[in-house]
Amino acid sequence: MFQKTLAFRIFFTVSAILIGCFVFLPLLWLINTALKPSDQTFSLYFFFGPLTLDNIISIITDRTIMTYLKNSLIVSFLSSFFATLVSAFAGYSFSKFRYKGRKLIMGAFMMSQAFPQAILLLSIYLMMQKLGLLGSYWSLLISYVVFTLPVGTWTLKGYFDALPDSLIESAKIDGAGNLKIMRKIIFPMAVPGMISIAIYGFVWSWNDLLYSMTLVTDPSRRTLAPGLVMTYLGEASTNWAAMMSASIVAAIPVTIIFVFLQRYFIAGLTSGAVKE
Amino acid sequence: MAKIRNNGKLTDGQVGFLLVVPGIAVFIAVILYPFISAILMSFTDRTLLSPSSNGVGFANYRKIFSDPYFLKTVWTTIVFVIFSTLIPFTLGLIWAIVLNQGFRGSEFLRGVTLVNWIIPGTAIGFLWSWIFNGQYGILNGLLISLGIIDSNISFLGQTSTALPCVIIARSWQMLPWYMAFLLGGLQSVPMDRIEAARIDGANNLQVFRYIVIPGMRQIFFLVLILGAIGNLQHFDIPWTMTQGGPARATTTLSLEVYRTAFQNWKLGQAATVGTIWAILLAAFSFVYLKQVKESE
Numbered sequence: 001m002f003q004k005t006l007a008f009r010i011f012f013t014v015s016a017i018l019i020g021c022f023v024f025l026p027l028l029w030l031i032n033t034a035l036k037p038s039d040q041t042f043s044l045y046f047f048f049g050p051l052t053l054d055n056i057i058s059i060i061t062d063r064t065i066m067t068y069l070k071n072s073l074i075v076s077f078l079s080s081f082f083a084t085l086v087s088a089f090a091g092y093s094f095s096k097f098r099y100k101g102r103k104l105i106m107g108a109f110m111m112s113q114a115f116p117q118a119i120l121l122l123s124i125y126l127m128m129q130k131l132g133l134l135g136s137y138w139s140l141l142i143s144y145v146v147f148t149l150p151v152g153t154w155t156l157k158g159y160f161d162a163l164p165d166s167l168i169e170s171a172k173i174d175g176a177g178n179l180k181i182m183r184k185i186i187f188p189m190a191v192p193g194m195i196s197i198a199i200y201g202f203v204w205s206w207n208d209l210l211y212s213m214t215l216v217t218d219p220s221r222r223t224l225a226p227g228l229v230m231t232y233l234g235e236a237s238t239n240w241a242a243m244m245s246a247s248i249v250a251a252i253p254v255t256i257i258f259v260f261l262q263r264y265f266i267a268g269l270t271s272g273a274v275k276e
Numbered sequence: 001m002a003k004i005r006n007n008g009k010l011t012d013g014q015v016g017f018l019l020v021v022p023g024i025a026v027f028i029a030v031i032l033y034p035f036i037s038a039i040l041m042s043f044t045d046r047t048l049l050s051p052s053s054n055g056v057g058f059a060n061y062r063k064i065f066s067d068p069y070f071l072k073t074v075w076t077t078i079v080f081v082i083f084s085t086l087i088p089f090t091l092g093l094i095w096a097i098v099l100n101q102g103f104r105g106s107e108f109l110r111g112v113t114l115v116n117w118i119i120p121g122t123a124i125g126f127l128w129s130w131i132f133n134g135q136y137g138i139l140n141g142l143l144i145s146l147g148i149i150d151s152n153i154s155f156l157g158q159t160s161t162a163l164p165c166v167i168i169a170r171s172w173q174m175l176p177w178y179m180a181f182l183l184g185g186l187q188s189v190p191m192d193r194i195e196a197a198r199i200d201g202a203n204n205l206q207v208f209r210y211i212v213i214p215g216m217r218q219i220f221f222l223v224l225i226l227g228a229i230g231n232l233q234h235f236d237i238p239w240t241m242t243q244g245g246p247a248r249a250t251t252t253l254s255l256e257v258y259r260t261a262f263q264n265w266k267l268g269q270a271a272t273v274g275t276i277w278a279i280l281l282a283a284f285s286f287v288y289l290k291q292v293k294e295s296e
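Residue numbers (our numbering), protein chains in the order written: chain A, 1 to 276; chain B, 1 to 296.
Keep in mind the hints are simulated off the structure, nothing from the lab.
Careful, some of the hints might be misleading.
What the hints assert, rightly or not - Which chain A residues face chain B? A few, computed with CB under 7 Å, are given here:
(1) 16
(2) 45
(3) 122
(4) 132
(5) 133
(6) 143
(7) 146
(8) 204
(9) 207
What the hints assert, rightly or not - Straight-line C-alpha distance at most 30 Å; calculated BS3-like pairs for lysine-lysine:
(10) B:290 - A:96
(11) B:266 - A:130
(12) A:103 - B:266
(13) A:96 - A:180
(14) A:96 - A:4
(15) B:266 - B:63
(16) A:100 - B:266
(17) A:184 - A:96
(18) A:70 - A:4
(19) B:290 - B:63
(20) A:103 - A:4
(21) A:100 - A:180
From the three backbone atoms N, C-alpha and C, an ideal C-beta is built for every residue, glycine too.
Use the sequences and the hints to build the structure in full.
Structure follows, in structure tokens:
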């Protein structure tokens, strides 16, 4: 795209070094702090010096934090599953069916990410309190589905749009019902899109702090993000080595998913807004 | 769903509508109903302490607009949104141009960059609190050993530096997101147009100015609007780093709503702040929707 003139080479090198440092050094510093023995936390050496896994081990043997982790896994898996299913139904509906109000519903779904989340939380909190759901995962599961819905519906609609109507027509002539068509023909074709959406939903709920901090009042059901905030922010003297180790533990599940499913991940990230 | 299977007489339109019913149900439960009821709540003195409340008309609104802190919160939000959108956008664009050169390892770097974006905001808040720490933070350590400062600076403890620090942390988190979009955009710029311009003697800057930028105008617009909406909503990083302090220097509207409602228990007042904020957001969203419609 650009000719490798001297000016471009200088621009390239300077930007690569400066932005590269900004992007990568902080994360390395996090890992570095977590790996230092706790009496060395305040010394400034960068990996070259005594290193240990003790901090990380003490996090993964911490019962409370592991309970938070387990809760996060349950909530994220379930909400990601529900969100993908609901988005797939809606995406298929928007793509292949025509009915009154379709455009209006599409617009409403599209907008749902733009409603200020903190204000919705006020009434959701009261509603969940009234329903007695504040001590359960349900309040989070229901809330998280909605935040995947716009991206999910749009992405999957794109996949379904690419399927020729004749495919559905001929299946109908062969006597297949709507459910069978969806299960055997439509959904299998959209598997890559569904994986993207499932990942998106998983990461969204894994990382959420605001809703999980407010809607889960039962400590035994608390998820990881609010759990860590409540564990470490109230402390008088901050244990930085433990905080960095806990951050690594919190980042591992999403990072693993990302490493193995990077292709789907990037598709899911960009498909929400960019349409081919 | 059993209804669809058993009754072959449902029209296609009815089937289509049934399919979106689950989506509509959660939309009403988590978006529409809470939104309307929050707006109604903003005209009451509802608190978290008692389930009863009285209508107070516009009293909450009058109170908020005469509160000097509220205007400061709006201003902090605007500053936060503008810088947390433009900084990572610019750096993300440059980073995308660098990675788009396709050198050895550029694919790998692109992947590693995205890790910053997927790890929890809580972890990012912890990390940057540690970097900016006033006593033992690495930034103070670096600046002192380079001789730039003489004594430690309490970056997150003083009002003049807290907001910039939070903006830097947020920019660090979002840079990969912009990079991913913009890299996609760069790759969709038509190469034949660039080659044609080269034949006409265009240099790098001219190619960038007259072909790349116009070719990516739509995607620039989309990421900026989506990024700004995301920043208007943002909560995790300022909350983890400073809880909105010191002296409210990093309190944005989302933190203000949370604090008023769940720390001071004043739901009615929180709903008022939220409603005003929603109007701000709606302006952005409207522009976004219009753009999406045009691109259809």
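Now the hints, each set against the structure:
Here the hint on residue 16 of chain A is kept, as its CB sits about 5 Å from the closest CB of chain B, short of 7 Å. This hint is violated: residue 45 of chain A has a C-beta 11 Å from the nearest C-beta of chain B, more than the 7 Å allowed. A distance limit of 7 Å between C-beta atoms decides the matter here; for residue 122 of chain A the minimum to chain B is near 5 Å, and the interface restraint holds. Hint status for residue 132 of chain A relative to chain B: violated, with the closest Cβ pair at about 14 Å, above 7 Å.
Taking 7 Å as the C-beta cut-off, the interface hint given for residue 133 of chain A is violated, the closest approach to chain B being about 11 Å. Because the closest C-beta pair between residue 143 of chain A and chain B is about 5 Å apart, less than 7 Å, the hint holds. Nearest Cβ of chain B to the Cβ of residue 146 of chain A: about 4 Å, under the 7 Å cut. The hint holds. Evaluation of the residue 204 of chain A hint against chain B yields a violated restraint, the C-beta minimum of about 10 Å exceeding 7 Å.
Checking residue 207 of chain A against chain B: minimum C-beta separation of about 4 Å stays under 7 Å; hint holds. Of the pairs offered as hints, the one joining residue 290 of chain B and residue 96 of chain A holds, with about 24 Å between alpha carbons and a cut-off of 30 Å not exceeded. Proximity of residue 266 of chain B to residue 130 of chain A is assessed by CA-CA distance (about 18 Å); at most 30 Å being required, the pair is judged to hold. Our distance criterion of 30 Å between C-alpha atoms is broken by residue 103 of chain A and residue 266 of chain B, whose separation comes to about 38 Å.
With a C-alpha separation of about 15 Å, the suggested pairing of residue 96 of chain A with residue 180 of chain A holds against the 30 Å cut-off. Of the pairs offered as hints, the one joining residue 96 of chain A and residue 4 of chain A is violated, with about 49 Å between alpha carbons and a cut-off of 30 Å exceeded. For the hint linking residue 266 of chain B to residue 63 of chain B, the alpha-carbon distance of about 13 Å falls within 30 Å, and the restraint holds. Among the hinted pairs, residue 100 of chain A with residue 266 of chain B is inconsistent with the structure: their alpha-carbon atoms are about 41 Å apart, more than 30 Å.
About 16 Å separates the Cα atoms of residue 184 of chain A and residue 96 of chain A, which keeps this hinted pair within 30 Å; it holds. The suggested pairing of residue 70 of chain A with residue 4 of chain A is violated, with an alpha-carbon distance near 51 Å, which exceeds 30 Å. Under the criterion of a C-alpha separation no larger than 30 Å, the hint pairing residue 290 of chain B with residue 63 of chain B is inconsistent with the structure, at around 34 Å. For the suggested pair residue 103 of chain A and residue 4 of chain A, the alpha carbons sit about 49 Å apart, so the restraint of at most 30 Å is broken.
Restraint check: the Cα-Cα separation between residue 100 of chain A and residue 180 of chain A comes to about 25 Å, which is no more than 30 Å; the hinted pair holds.
Against the hints set out earlier in the document, violations occur for numbers 2, 4, 5, 8, 12, 14, 16, 18, 19 and 20.
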